[in-house]
Amino acid sequence: MKLEKKEQVIEACERFWSPSAALLYRLSHKTLESHAKGSWVFDEEGERYLDFACSYGVFVVGHGNPEVKQAAREQLSTMAAKVPGLANVPMLKLMRELSASLPADLERCWFTSTGAEACELAVRAAFMLQQRKKLVVIENSYHGKTLGALGFLGQSAHRLPFGKLMRDIEYVAFGDVEALERAVGDGAAAVLVEPVLGGPFLQVAPAGYLTKIRQLCDQTQTLMITDEIQTGLGRAGRLYAIDYEKVVPDMTLLSKGLTGGYSPFAALVMRQKTYQNLLDSELYDARLLRTSNGASAYSCAVALAALRFIKNNKLAERSALLGERLLTGLKRIASRYPDLIVEARGIGLMTGLKLRNSAVESAVSIIMNKEGVHTGHSLNESIDQPILRFYPPLTVSEDEIDFCLDKLELAMSKLAKRPLWLLDLFDKLARRQYKIPPRILYKLSGIKPSRSLAL
Amino acid sequence: MNIDQAREQELYQLLLKHAPSSEHHLWQSNLSVSACSSVIYSHRGEQILDFRSGGFGYQHAAIVEKLDRQLDKVGLSSRLLISRYLAELVYSLAKTAPEGLELSYICNSSGEAFEGAIKLAKGLHPERNKIVVIADIEASTLTYGCLLRGLGAQVLSSYEIEVVSVDDSNVDQLRSTIDEQCLCVVFDVLNRRQGHYQLPSPYLQTCMRERAAQVGALTIASESSSGFVVAGSLYASEQLNFVPDVVVLGKQIDASLMPLGAYITKTSINDKVYGRKNPTLHGSTTAANPLACLAGCAALALMQQENYVGHHRSMAKMADAYLAARRKQFCLPINWHFQGSLLSLQVQECLSPPQLQELELSCERHGLLIERSTSYFYFKPMLTVSESEWVAALDIFLSCLKRELSNSNTATREFEA
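Protein chains in written order, with my numbering: chain A, 1 to 455; chain B, 1 to 417.
Same shape as in the complex, but just chain A:
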């Protein structure tokens, strides 16, 4: 069903997919994605954009990575699917290499299509392993939005509209060890933690945080689950963020970087000794640990190629090195615009700017977009001071980082000409944006949506 015109594409999105996303497309004059290469994304009108959003961290190996693409092409030509009752070679090789890349006996692998599915799986395994039911989770953490994962999502703005979903769950502030100790008490089923708090809250853990969690978990026989879906595979400057403190969790979760940019994919990796306990558990039921089509030969082949590329090209080290350059640049700009930028923060190539308010975040993002740079906009109007993320591919060049910083400087200088009271007023409007009827927004912006698609 070929759609010829851009307006038809947006109309289809509006009527048959997500009216609110389509409204944003129209208001922000978004164009159609054509192709992507390296750090750049191209639209159908021939414009190019430097991608410092990377779908919140997916394109670790860059867009259209030739080695990953070759692996994708080869597997696609023979057998893409996971077939019932038979293993496939890419799956087995990936299990071996993924385990070898992780510390200690983190060796038992489950593959799923999404990070949320892997998170759900880890929590089900934890409940089987433990007689306890209490789950301790970090406030504002992100573990996916499937209904099962939503039950323990730290970002309340996404969770609360769906009512109460889980009992025996306690949320504690990131980095607060004392609060964590109180929450765990004599022991919980598991502590679920992102080594670097991601999403629009980007927060690097205080030194020793993960070690203290590990000690607390050991003392109370609580399972430690690390969600490295964003931080893993080099994004945070080490192959895994747990490597900073040489901590070994009982289970760890990986996804974004592992997709190679060519397939939805995620992994849950469990320690062998934890797995043995699981098998010995009275509550063990293998049917609760089945997964969907995650271990398809295609997805595994792509993930294997991505993992090899990351290791062979030392992308984690590169992330640490170039992250310094990017963060230094962000801090330099932040110091020049203290009224607009609260702080520049990050680790590796997982960096961001904490901004005055949502309106400033939107304005910077829009100006940068016009200047040809994509940034990771939080799209979360409920946060007072959101973080605008800068997550480039780990293959990014120094010149590309400088290009991004130049455009950011330009955006900030433009914005600094506006009176602060106006930005604060816009922020109040932005917080109420979903209460404004689309027809008024269209009228204000002079857009006339058409309706031409017939059913």
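Simulated from the structure, these hints should not be mistaken for lab results. Predicted, not measured: the structure shown is a model, and the values here were computed from it. Idealized CB from N, CA, C, for every residue including glycine.
Some chain B residues well away from chain A (every beta-carbon gap over 12 Å; in silico): (1) Gly-195; (2) Gln-198; (3) Leu-199; (4) Leu-351; (5) Leu-356.
Restricting the straight-line Cα-Cα distance to at most 20 Å, the calculated cross-link-like pairs of lysine to any residue (SDA-like) are: (6) Lys-17/B - Arg-290/A; (7) Lys-134/A - Gly-185/A; (8) Lys-73/B - Pro-66/A; (9) Lys-277/B - Pro-437/A; (10) Lys-328/B - Gln-346/B; (11) Lys-133/A - Asp-186/A.
Based on these hints, arrange chain B on the given structure of chain A.
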């Protein structure tokens, strides 16, 4: 693929060391290395007919070619520009789905779609905490899928939502269970509770629809076990006497190539939950990516352009005649039922449970993957199935059955002697 014995052993050790033990059956004696339509080829060159997974059909050349070209553009989307492929897929679904179902949620598996449908119901009624499910649903592998299949009640007791399973023959219980606490009623469009594949009875459908409407609960129909085409119509839900509020689409939409799942619902329902809200309230990082949407569009187009529904009707007719002829020729103790082209075949009382299990394993050893529940054997053909694949599958099954019957007779004679 050339894999010598030493390499084979090495790979097997990897499976034992790294895969969960529930997956160890995966190995058997073969690794899958390539596939085409209903046939999987092992590393030893053996052919295995897949009548178990009921997907689109492996490695459809035209779709593979399209995806191969797409690899040079983008795989996953940057998500900051608009995806043409997503728009084309949702438009195709809206054009073909039963009337009134227009708005799709696209994700990475039918399991995720299933859970998304329940999330929609929960978003509509955040204060409610009960799901009514028609028993023996073939739900997903995600958490709520497990709960709906009756698994892990103790393990998953932290989850607030209560699942109440109702027997499809007990309409009175269904009526009383769907109350003001119920957020949705979930059912398989085709279930096989009574052995053979069947639609819910018209009376049950009417009761479910009326009672759910009275209390404002959503009706969620899962096509994940029936799906596109094989039930005898493009969407299995077309055969219901009402349009459900949400239909979880069959796995065939993924073209047996890319992770993809979807549900489709009424615009008015989606508007109440997600309409004028932050678009990030629902969705995932990699969902609705260009490769998967392209595969979905191509699969849906082929189903229509090549009249897969007609093809499957004629395949079922042919297979039915073939079975009838063989039963008569060899006096086989079997009966069967086709729902569309989904075959449920019952072996009558002459084989014991261990012999029935041996029959299933024997089929696997001879290169046929099917499903079994008690004395019923289920054949779920791929959409691209050919007449020769159907005949080969039936031949393998019937020859294994004859061998098992012969062993059984010998054992009986020996016992009597």
